[in-house]
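Quick mapping for you: the protein sequence lines, in order, are chains A and B.
Just so you know, we're using the numbering used here here: the first sequence kicks off at 1 and counts up by one.
Just so you know, we're using the numbering used here here: the second sequence kicks off at 1 and counts up by one.
Treat the hints as calculated values from the structure; they're not laboratory data.
Source: prediction; values computed, not measured.
Glycine residues also receive a C-beta, built at the ideal position from the N, C-alpha and C atoms.
In silico lysine to any residue, SDA-like type, Cα no more than 20 Å apart, as pairs:
1. A:Lys247 x B:Thr5
2. A:Lys225 x B:His279
3. A:Lys370 x B:Pro131
4. A:Lys247 x B:Ile141
5. A:Lys225 x B:Tyr267
6. A:Lys225 x B:Glu140
7. A:Lys211 x B:Leu233
8. A:Lys225 x B:Thr272
9. A:Lys211 x B:Ile113
10. A:Lys247 x B:Gly143
11. A:Lys247 x B:Asp148
12. A:Lys247 x B:Arg136
13. A:Lys211 x B:Phe284
14. A:Lys247 x B:Pro135
15. A:Lys173 x B:Asp270
16. A:Lys225 x B:Phe4
17. A:Lys247 x B:Ile3
18. A:Lys211 x B:Gly277
19. A:Lys211 x B:Phe286
20. A:Lys211 x B:Tyr226
21. A:Lys173 x B:Gly273
22. A:Lys211 x B:Arg125
23. A:Lys225 x B:Leu263
24. A:Lys247 x B:Glu140
25. A:Lys211 x B:Gln116
26. A:Lys211 x B:Tyr280
27. A:Lys211 x B:Asp282
28. A:Lys225 x B:Leu8
29. A:Lys211 x B:Leu115
30. A:Lys225 x B:Leu142
31. A:Lys173 x A:Asp228
32. A:Lys225 x B:Leu276
33. A:Lys211 x B:Val283
What the simulated footprint calls covered on chain B by chain A, stretch by stretch (three residues with Cβ under 8 Å from a Cβ of chain A suffice, anywhere in the stretch; the number is not a length):
34. 127 to 136
35. 279 to 289
If we take Cβ atoms under 8 Å as the criterion, some of the chain B residues that face chain A in the derived model are:
36. Asn10
37. Tyr220
38. Met230
39. Gly269
40. Gly274
Each chain, written out:
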Amino acid sequence: MQATRFSISAVIVAMTLALSACGEKTAEGPEVIRIGSVAPLTGPQTHIGKDNENGARLAVDEINAQGLELGGKKVKLELLGEDDQAEPKTATIVAQKLVDAGAVAVIGHLNSGTTIPASKIYHDAGIPQISPSATAVAYTAQGYKTAYRVMANDAQQGKALGQYAVGKMGAKKIAIIDDRTAYGQGLADEFEKAAKAAGGEVVAREFTNDKATDFTAILTSIKGKNPDLVFFGGMDPQGGPMAQQLKRLGLSARLLGGDGLQNVNFLKLAGADAEGVVASSPGLPIDSMPGGPEFRKRFEAKYGVIQVYAPYAYDAVYALVDAMKRANSAEPAKVLAELPKVEIQGVTGPVKFDAKGDTVGGAVTVYEAKGGAWQVLETVK
Amino acid sequence: MDIFTQQLINGLVLGSIYALVALGYTMVYGILELINFAHGEVTMIGAMVALSVIGVLLGASPDLPGLMVVIAGLLVAIPACMALAFGIEKIAYRPLRKAPRLAPLITAIGVSIILQNVAMLVWGRQYVSFPAILPRGQHEILGAHITDLQIAIVVLSLLSMAGLWLLVEKTRLGRAMRATAQSKEVAELMGVNVDRVISYTFIIGAAIAAIAGVMVSAYYGLAHYYMGFMLGLKAFSAAVLGGIGNIAGAMLGGLLLGVIEALGAGYIGDLTGGFLGSHYQDVFAFLVLILVLVFRPSGLLGERVASRA
Numbered sequence: 001m002q003a004t005r006f007s008i009s010a011v012i013v014a015m016t017l018a019l020s021a022c023g024e025k026t027a028e029g030p031e032v033i034r035i036g037s038v039a040p041l042t043g044p045q046t047h048i049g050k051d052n053e054n055g056a057r058l059a060v061d062e063i064n065a066q067g068l069e070l071g072g073k074k075v076k077l078e079l080l081g082e083d084d085q086a087e088p089k090t091a092t093i094v095a096q097k098l099v100d101a102g103a104v105a106v107i108g109h110l111n112s113g114t115t116i117p118a119s120k121i122y123h124d125a126g127i128p129q130i131s132p133s134a135t136a137v138a139y140t141a142q143g144y145k146t147a148y149r150v151m152a153n154d155a156q157q158g159k160a161l162g163q164y165a166v167g168k169m170g171a172k173k174i175a176i177i178d179d180r181t182a183y184g185q186g187l188a189d190e191f192e193k194a195a196k197a198a199g200g201e202v203v204a205r206e207f208t209n210d211k212a213t214d215f216t217a218i219l220t221s222i223k224g225k226n227p228d229l230v231f232f233g234g235m236d237p238q239g240g241p242m243a244q245q246l247k248r249l250g251l252s253a254r255l256l257g258g259d260g261l262q263n264v265n266f267l268k269l270a271g272a273d274a275e276g277v278v279a280s281s282p283g284l285p286i287d288s289m290p291g292g293p294e295f296r297k298r299f300e301a302k303y304g305v306i307q308v309y310a311p312y313a314y315d316a317v318y319a320l321v322d323a324m325k326r327a328n329s330a331e332p333a334k335v336l337a338e339l340p341k342v343e344i345q346g347v348t349g350p351v352k353f354d355a356k357g358d359t360v361g362g363a364v365t366v367y368e369a370k371g372g373a374w375q376v377l378e379t380v381k
Numbered sequence: 001m002d003i004f005t006q007q008l009i010n011g012l013v014l015g016s017i018y019a020l021v022a023l024g025y026t027m028v029y030g031i032l033e034l035i036n037f038a039h040g041e042v043t044m045i046g047a048m049v050a051l052s053v054i055g056v057l058l059g060a061s062p063d064l065p066g067l068m069v070v071i072a073g074l075l076v077a078i079p080a081c082m083a084l085a086f087g088i089e090k091i092a093y094r095p096l097r098k099a100p101r102l103a104p105l106i107t108a109i110g111v112s113i114i115l116q117n118v119a120m121l122v123w124g125r126q127y128v129s130f131p132a133i134l135p136r137g138q139h140e141i142l143g144a145h146i147t148d149l150q151i152a153i154v155v156l157s158l159l160s161m162a163g164l165w166l167l168v169e170k171t172r173l174g175r176a177m178r179a180t181a182q183s184k185e186v187a188e189l190m191g192v193n194v195d196r197v198i199s200y201t202f203i204i205g206a207a208i209a210a211i212a213g214v215m216v217s218a219y220y221g222l223a224h225y226y227m228g229f230m231l232g233l234k235a236f237s238a239a240v241l242g243g244i245g246n247i248a249g250a251m252l253g254g255l256l257l258g259v260i261e262a263l264g265a266g267y268i269g270d271l272t273g274g275f276l277g278s279h280y281q282d283v284f285a286f287l288v289l290i291l292v293l294v295f296r297p298s299g300l301l302g303e304r305v306a307s308r309a
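Input sequences plus hints: build the corresponding full structure.
What follows is the structure, encoded as structure tokens:
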């Protein structure tokens, strides 16, 4: 019952929007092209969500200022910002809302968990979706011709980490823990494959969940197998206590993780025990991006400090507009036909998609926690 | 062998925290036959209040000795939780004392949800980190590692339990509590102020919960508005395992449950050849709960009516 009421209200909102859209079209001036931007704008990830939207908005404003012409007509881009609260359920509601509002493309969503359910709605509506930050392999593995992303996925990240662990950190015996979420398990599986292929031995495969705080039992069991590296596929609320308990139990193994650990919150939660932890993040550190420092200046003049993914949202808009220019139209079907040919020099590096919609040659950067901050160790391609 | 010793230590530390929280469940049940589901949340509030105080103190002067700061946090958290529990009992349970037993149970679940949401509004949805200010000494016993903090947790738990036992067995208030547990009506006829005794029961349980809350957040280095939920369920299982309503049972049940969990999670993967993994850690608590309910519904130590309080 609740759900029906929800969708009814969503439809009403959408109708209102659509009506107001009609009104604008008859007015003088350039034709308005609506692009959706979806990210959590409330809840614990608000700051990252707003960052994505601002990144996209900066690109839209720049393109409008330069003036965009499609099919011989002047057009104006309009960004519709929506809040998915990082909730899969809300994600599908706002996705439908954007489709009904006549959005021709969507930049989003932020999380893999919201991007994947929403992608079906965009696919059914036949409009392109470019996610700046969803990294789960499953997103582009559904076979949707509408799903694209501009960031390296978990498979690319897990592979890079596996090779790095064995090749650069010299790990021979490796223990792997994951939190059984789509993200953690996916990352750990890819890591395991790559580490084994590189000649590492996996001595333990343990599991926890994304609400646990006590890992002493599994870490003790791991300790009995004498690994020299412990890999954790999961997020910082588990990674923090895990780093502490690892040291407390006297394990000499180093802790390695993905982008779930590579953030400021992990450093806070792990405290002094964060020292020496290695974690990766897809993409380049902002200052190593080809257009990074310059982008930072423009972005900070308008919106303040960059959180994380703003440059990716920015590039996603430019990639979309590149496809529109190639199609000489904003019609979704025509834009979709041109997206595979997109090739731009973005802020984050060259943006180009493979047949599945993944970014080609997405970089992964490895960091080490030193003196209470993340220091860049190396960027792996 | 050292691995086994280590798992045993892991389990005992975890178990003594469970035992402390379980005491709160069992005391209230002993007197009111009410399962106070909000008790886990009282533990959480204790941790949150203490962390706020610690944050303020460290903000004012970062050079204060860590142990003192944590004790100060604890000294604020204990009365805060006592006041909270007093209020909960007065507002949510007392009006329903004559109602069918299901009604206060549902109220308890309601209070638990309200407290979670209030905590979320006040402290946010993020994980709050516990600053690393406590001494970090480490010792080795039989090849196993044990930290000062772990020793402190076990010792403090045992002291709290001993204190509670003395209170119940040796003081006038304790005698009043035992009398009320046996029969509210008769106790009232004997001049016991039953309302006050019930309030005291809630308040004492909350004070112990506050200690447990601070221990948990210091041990794991974090606190979260949702942390009381799982902790409460585990502690409740521990209380049932030991025999709900029985104070010694709650202690035994807590320690036992901690050890079962640690050994279970530590060895299940190897024993089943990887077929069942360590993600079944949480299952053990509830498996034990079900088995106890099936084979020994009154718990390990049974419910000896005379000594329940």
